[in-house]
Amino acid sequence: MRTLPTGQYIPGHSLLHKLDARVKILCLMLFIAAIIGAASIWGYTLVLVTIAGLILLSKLPIRSVVGSIRRMGLFLLVIFMMNALFFDQENPLASWWIFHLSSGGMKQGFSVVGNVVLILMLGNLLTMTTSPTQVTTALESLIKPLALIGVPTEEVAMIISVAIQFIPTLMAETESIKRAQLARGARFESKKLTERAASFIPLVVPIFISAIRRADELALAMEARGYRNAKNRTKRKKEPLVLHDYSALTISASICLIQFLLLR
Amino acid sequence: MSITIENLSYSYVQHSGEKIAALKGVSCSIEVGDFVGIMGPTGCGKTTLLQLLAGLLSPTSGHIYLHGEDINAKGYDRNSLRQTIGVVFQDPEYQLFATTVEKDVAFGLKHSGLCRDEINANVKWALETMGFEFEKIRHQSPLALSGGEKRRVAIAGVLATKPKILMFDEPIAGLDPYGRQSFLQFITQMNQSGTTVIMVSHNIEALCEYTRHLLVLEQGKLIDSGATRDVFGRRKQMVSSAFGQTEAQKIVTMLSEGALALSPAIVTYDDLLSALKQELTRGGMG
Amino acid sequence: MIVEGKQICFSYDLGGTSFALQNVDLSIAQGEFVTILGCNGSGKSTLVKQINALLPLQQGELTVAQIDVRNEQDVWLLRRICGMVFQNPDNQFVSSVVAEDIAFGLENYEVPRREIPDRVQAALELVEMEGYEQRAPNTLSGGQKQRVALAGVLALEPEIIIFDEATAMLDPSGRQEVIKIMHKLHKAGKTIIAITHYVEEAVTADKIILMHQGRVLSCGKPQAILTNLELMGEAGMMVPMPVRLYYDLQQAGVHLNRCPLTDEELVEEICQLRSKT
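Taken in sequence, the protein lines are chains A, B and C.
Note that the first sequence ends on residue 1619 in my numbering; no numbers are left out.
Note that the second sequence ends on residue 354 in my numbering; no numbers are left out.
Note that the third sequence ends on residue 692 in my numbering; no numbers are left out.
It is possible that part of the hints are untrue.
Distance condition first, Cα-Cα at most 20 Å in a straight line; then the derived PhoX-like pairs of lysine-lysine [claimed, not checked]:
#  : chain 1 : residue 1 : chain 2 : residue 2
1  : A       : 1533      : B       : 171
2  : C       : 602       : C       : 421
3  : C       : 605       : C       : 622
4  : C       : 464       : C       : 605
5  : B       : 304       : B       : 318
6  : B       : 192       : B       : 204
7  : B       : 304       : A       : 1533
8  : A       : 1499      : A       : 1592
9  : C       : 602       : C       : 622
10 : B       : 178       : A       : 1547
11 : B       : 230       : B       : 171
12 : B       : 345       : C       : 691
Pair by pair, the computed Cβ-Cβ distance ranges are [to be verified]:
#  : chain 1 : residue 1 : chain 2 : residue 2 : range
13 : C       : 474       : B       : 302       : 37 to 47 Å
14 : B       : 100       : A       : 1474      : 55 to 65 Å
15 : B       : 140       : C       : 591       : 35 to 45 Å
16 : B       : 143       : A       : 1370      : 53 to 63 Å
17 : B       : 253       : C       : 603       : 41 to 51 Å
Residues from chain C that face chain B, not an exhaustive set, calculated with beta carbons under 7 Å [stated by the list, open to error]:
#  : residue
18 : 486
19 : 587
20 : 651
In case anyone wonders, no lab produced these hints; they're calculated from the structure.
What you are looking at is a predicted structure, and each value in this text was computed from that prediction instead of being measured.
We put the CB at the ideal spot given by N, CA and C, even for glycine.
Please construct the entire structure, taking both the sequences and the accompanying hints into account.
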C-alpha cells in the first residue's frame, strides 16, 4: 500500500484539530508568504519557532510530520544542486563546463530547500489535522467569491469532493494494472528516458479508461439518487468562527507582516 | 516445470504502521501438468500466494523453486520467468491499452528475444486459441470490442508467451452460467494440452468438478492440501460451517439428520446421484 | 400494480437495427419480490433502468406508482419512490465518509439539515451497519459497501428497491449479507426487484421474469419456471441442483412426489419417499 505524499489525516483533539478548516487554509497561505518573505536570520528563526510551536500544539508525533519529507530527499537535492551550480556565473568557486559552483548559489540553494521543507511541513500539519471532508467544505466556502465572475462554485465543490473520494480506489487500481502488465512482461525501469516514458502507456491508458468508466457509472448512481444540479440541495451547516479561529488568523497575519517589515 | 514452495511467508506494513502477515510458512509442491485449485475465504492470502508464485512479489522469508531453481535467487533469469508463467488476474479486460488487438497481444513478447516472425506466429496462435479469426480481429481496436471479446483478447495476451504454467485469479467471478462453463472448459483444454494450471476461486462447485488437487488457505496458513476429493472429504469432517463443502455434501449432511445415511465419501453431484439411485431403487421403488 | 408496462421496446443504437428490449410486458404488484433472471445481454438491466427513468422510454407504456415515466417533471418523484443499487460497489460513493454519503440523496431532495442525522441513522440500522458512520467507504468489504450503498437509497424511504446484479461482484459471504437484507426489506413491505444470473437467488422470489435476448420468455412462480428444463435451457440458465436431481432420478425410475427447488425440499422429498417403504 503506498501512501500519499501528503500526511494522512489522524483524528485528534488538539487545538489545531479544533481550528476551522477555512482558517487553517488561510493561515497556511499567510505562512507561505511569511516563509518566502523571510530574508534574515531573525525572520527564519521566527518562522521556525512558530512551526515548532504548531507541531507541539497539534500533539502529533514529529516523526509523522517530517516523515514524508524524507521521501522527497532526492528532489530536494536536485533543487539544491540546480541553485548551487547555476545561480552565479560571475564569481564561481569552481567551474566545469556549464556548471559554476558559487557560494551565493549554495546559500540560495539552502534557502530554497529550506523554504520547501518548511512549506511541506506546514502542509502536512494541515492535512494531518483536518479531515478530507473538512478540507473540501472549506474549499467550497473559500471559492464562493469566484461565483461573482461566473465560476460554477457548487459544481466545482462537488467535483473536488467526489474526486478526493476516488483517489484511493484509483491508486489501488493503478497497482493492480501495474501488476498485470508486469506479469505480461512489461518493463518500467528502462534506462533510456524515451523508453521509460513510453513504458507508462500500458499504465496510463487503462487507468484513464477506467476513470471514465467509473465516472459514467457514478453519474448514473447519482442521478438515481435524485441529483439534478448542485444548487437545489440542502446546504451544509455554516460553523461560525470562534475566538481561537480569530486569534490564529491574527497571529498568522502578524507574523507575515513582521517578515515584510524585517525585509526593509 | 514443477513448483516447490518451502516455508513461504510474506508480510507488509500498512501506512497506518500496522504489520500484516499475508502468508505464514506455506509449504507444498505442484507437479507438472497438474490442475490445482486454491481455496479459502476472502483475505486468506490466495492472491498473495499467486503473486509470489508469479514472481511479482518477493517473499519475506522462504523459497519458491521452479524446476529446482530458486526464483528469488540472485541472477535468476526473470525474463524467462515471465515467459514461463502466465497470470490472468480478475477482470483482465481492464489491462488493454494498445491501438490494435495484434499490438496488445504482442506486448508481452517485446522482451522475449523472439524474432518478428515468431512473435507474429505466437500472436496468431493465441488469438485463434481464444476463438478469434485472426485476419478479422488483428487490426481492430481492443477498446471497441464487447466485454466478452475484450476478456478473450486479454487472455490471448497472456497466452502469447506460450507459458508452461497458467495461473487464474477468480476467472469465473461475475460470469453467467454459459460463460462460466465455457471458461472452465477452455482452462481444462489448456491443461489437457500439457499446461500446468493453478486456479484461485470462490466457486466450490467449479473447484470440485475441475481441479485434481487443492490447496486450502485460511488466514495466511495452508490448512490442508491434497487430491480434491480427499480434501473435500476432510472439510466435511473438520468444518462446522458450510464453507468449503460442495452442495452434494451439504445434502448428504441434511439427509443424515433425516435418518438417511449415505456414504461420507460423496463429494460431487454424480456421486450423490449414483448413491441416491442405489438407495431409492432398493426394495423396488418407482 | 405498482409497476405496469406494455410493449416496451428499446434500442441502444438509434438506427434501430438491434433491440435490447422487444415487446416487453411487465406487471409487478406492491410488496412483491420479483427476480429478473437471464444471461448477460438478455436485457435485464436495460429494462429496470426504464423503471426509474435512467433510460428514456422509447416505445411502449410504463407507469410506476401511477406515474407515467415519460413525465419529465415527475422524474424526481419517481426516483425517490424507486431506488436502485448497482453492480459495482466502488462506483456508487460520492463521499469518503459513510454518513455523508448516505446523506447525499437526502440533500438532493432538500430535506432540512436537522432531519438528516436521524434518517441516516435509521438507514444504517436497516442495513445493520450501525457504528460505521465515520468510516471511509473504500475501507469496507464488498458486502459492507453494498449495504452502505443500499442505506443511501433507503434513506429516501423508497417503495420499490431495484438491485441491478448487486451481488455479482461479491464473494459468497458478501452475497449472503446483501440477500439477507433484501429479504428483510421485503418482509417489511417493500417491493423488491432483483436482477441476477444466480439461479439460487431466484428460488425464494414471489415471481420470476425469465428474459432472453431482449424478450420475456416467461413470467411466473419459481415452481413453474425453475423446474422447466426446456425453458431454462432456452434462456441459457442452469436449473438448481435439486431440480436436476429430480429429473435425473426420474430417468432412473425414481419418482419424487414433487419437484424440489431447494436443498431442504429435496431432502424432505427423499425422506418421504424413503419412509414409504
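Status of the hints after comparison with the structure:
1. 1533(A) - 171(B): holds (18 Å)
2. 602(C) - 421(C): The hint is violated at about 28 Å.
3. 605(C) - 622(C): holds (15 Å)
4. 464(C) - 605(C): holds (18 Å)
5. 304(B) - 318(B): Since the Cα atoms of residue 304(B) and residue 318(B) sit roughly 9 Å apart, the hinted pair holds (cutoff 20 Å).
6. 192(B) - 204(B): holds (11 Å)
7. 304(B) - 1533(A): Roughly 39 Å between the alpha carbons, so the hint for residue 304(B) and residue 1533(A) is violated.
8. 1499(A) - 1592(A): holds (15 Å)
9. 602(C) - 622(C): Holds: residue 602(C) and residue 622(C) sit about 15 Å apart, inside 20 Å.
10. 178(B) - 1547(A): With Cα atoms ~16 Å apart, residue 178(B) and residue 1547(A) stay inside 20 Å; holds.
11. 230(B) - 171(B): holds (16 Å)
12. 345(B) - 691(C): The hint holds at about 16 Å.
13. 474(C) - 302(B): 37 to 47 Å: violated (58 Å)
14. 100(B) - 1474(A): 55 to 65 Å: Holds, since residue 100(B) and residue 1474(A) (Cβ atoms, about 59 Å apart) stay within the stated range.
15. 140(B) - 591(C): 35 to 45 Å: Since residue 140(B) and residue 591(C) have Cβ atoms about 39 Å apart, the given range 35 to 45 Å holds.
16. 143(B) - 1370(A): 53 to 63 Å: holds (57 Å)
17. 253(B) - 603(C): 41 to 51 Å: Once the Cβ atoms are compared, 43 Å apart, the range 41 to 51 Å for residue 603(C) and residue 253(B) holds.
18. 486: violated (34 Å)
19. 587: Holds: closest Cβ of chain B sits about 6 Å from residue 587(C), inside 7 Å.
20. 651: Given a least distance of 5 Å, the restraint on residue 651(C) holds.
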